[in-house]
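Quick note on numbering: full-length UniProt numbering labels position 152 of the sequence shown as 152, and the sequence is numbered without any gaps.
If you are wondering where the hints come from, they were derived from the structure by calculation, not from laboratory data. Beta carbons: idealized from backbone N, C-alpha and C, even for Gly. Don't take every hint at face value.
Dumping the calculated EDC-like pairs for lysine to aspartate or glutamate here, alpha-carbon to alpha-carbon at most 20 Å [to be verified]:
id, residue 1, residue 2
1, K322, D234
2, K161, D200
3, K322, E308
4, K322, D200
Label-pair restraints from in silico Cβ distances [what the hints assert, rightly or not]:
id, residue 1, residue 2, range
5, S310, L67, 42 to 50 Å
6, E133, R269, 32 to 40 Å
7, S310, A20, 51 to 59 Å
8, A20, L158, 23 to 31 Å
9, P292, R237, 22 to 30 Å
10, L321, L28, 24 to 32 Å
11, L163, R317, 17 to 25 Å
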Amino acid sequence: MTAITAPSAAVRFARPVLVAGCLGLSALLYGRDWKQAALWLALILLVRALRHHRRIPLWLAVSLSLLPLLAVKTSLTGGIGLLGLSFATFRAIDMLLSEQDGPPPPLPASLLYLTFPPVLITGPMLRWRDFSEDVQAWPRGMGRQPAAQGAAMLALGLIQKFLCADLLQTYVLPTLPAHIYRPGLIVANAVAYSAFLYFDFAGYSNMMAGLCRLFGFRCPLNFRNPILSADPRDFWRRWHISLSEWLRDMVFFPLYRASQRRPWLRAHRLLAQNGALFATLFLMGTWNGLTPRYIASGAVFGLMSVTENSLTHLGQRWLWLKRFAASRPGGLCARLGTISGALAALYLFSGRGPL
1 MTAITAPSAA
11 VRFARPVLVA
21 GCLGLSALLY
31 GRDWKQAALW
41 LALILLVRAL
51 RHHRRIPLWL
61 AVSLSLLPLL
71 AVKTSLTGGI
81 GLLGLSFATF
91 RAIDMLLSEQ
101 DGPPPPLPAS
111 LLYLTFPPVL
121 ITGPMLRWRD
131 FSEDVQAWPR
141 GMGRQPAAQG
151 AAMLALGLIQ
161 KFLCADLLQT
171 YVLPTLPAHI
181 YRPGLIVANA
191 VAYSAFLYFD
201 FAGYSNMMAG
211 LCRLFGFRCP
221 LNFRNPILSA
231 DPRDFWRRWH
241 ISLSEWLRDM
251 VFFPLYRASQ
261 RRPWLRAHRL
271 LAQNGALFAT
281 LFLMGTWNGL
291 TPRYIASGAV
301 FGLMSVTENS
311 LTHLGQRWLW
321 LKRFAASRPG
331 GLCARLGTIS
341 GALAALYLFS
351 GRGPL
């Protein structure tokens with residue numbers, strides 16, 4: 001068995017430098033407006049207070065940590081926005097739930113987690129337990145192989161963001177009139193915007209993941225060829241993977257487990273599953289904002305997954321449906337239905353449609 005050695009003096013010095021550098025960079029990039037900085041400070045102080053007061057029930061602590069986000073989303077802050085507040089709030093909840101039975105995390109590590117510059121605005125969604133392990137191991141996580149992996153991801157992200165996404169945004173989307181509802185234009189707008197969003201979002205995610213890897217931090221893969229999705233369940237294994245997995249763990253599973261404590265819902269398990277599925281994906285749409293287009297896109301994504309889950313359940317009773325689903329035509333129908341539904345949801349999301 002290998003003995004665990006204490007970190008050297010150089011490592012002990014390097015970690016405070018890392019924390020100070022990241023906090024300074026976050027403040028420089030995102031804290032120029034004192035109102036935004038005040039909101040950030042309020043969120044950080046709130047989370048720290050909730051972690052130290054163990055008498056507060058966990059459900060109440062999570063609800064209170066959502067208050068700054070709800071205030072911004074419902075315009076209670078007088079129009080003050082806050083870059084990255086959604087992901088910071090989700091990271092705060094992840095930290096609360098992950099450390100509910102242990103001692104409060106060290107202040108420097110928790111500050112770094114909430115304000116980590118590469119993933120501050122749009123993710124990927126880092127999990128507290130993985131991040132805290134990387135902080136404890138830093139800078140030992142740096143090396144030739146992680147640097148090569150990070151450089152490759154960074155290069156891929158640059159191509160996706162500044163070649164593919166920017167070309168679509170500059171030369172394709174402006175040629176497609178929005179809010180004109182002829183079938184051909186609707187399809188063209190849906191495909192072009194979805195392609196732009198994918199390359200823009202995947203490019204940013206890969207660039208940030210590459211930067212994290214270069215500096216010795218693991219960052220989850222966020223997109224994996226969603227065009228190849230076999231069904232809605234597979235789509236969420238390929239599109240915004242880090243957030244969909246977080247919502248699965250933090251929203252779907254708790255909702256479903258809570259429903260199974262109710263005798264009537266325990267007897268109607270499909271209804272309980274579909275309710276938790278719809279609520280989870282509806283939340284994924286509405287966390288972008290409480291406007292009709294975001295609400296509608298979340299509802300479409302929710303209906304897609306509920307339909308697939310219901311058909312899978314029916315396939316256990318109807319042998320012909322199970323056989324069709326396993327056949328090549330059935331698989332083709334599932335793929336076409338998944339991509340069509342995703343395009344419809346993203347078309348509504350884009351603001352180029354009727355909402």
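Comparing the hints with the structure gives:
| no. | hint | result |
| --- | --- | --- |
| 1 | K322 - D234 | holds (18 Å) |
| 2 | K161 - D200 | holds (5 Å) |
| 3 | K322 - E308 | holds (12 Å) |
| 4 | K322 - D200 | violated (38 Å) |
| 5 | S310 - L67: 42 to 50 Å | violated (36 Å) |
| 6 | E133 - R269: 32 to 40 Å | holds (36 Å) |
| 7 | S310 - A20: 51 to 59 Å | holds (53 Å) |
| 8 | A20 - L158: 23 to 31 Å | holds (28 Å) |
| 9 | P292 - R237: 22 to 30 Å | holds (28 Å) |
| 10 | L321 - L28: 24 to 32 Å | violated (57 Å) |
| 11 | L163 - R317: 17 to 25 Å | violated (49 Å) |
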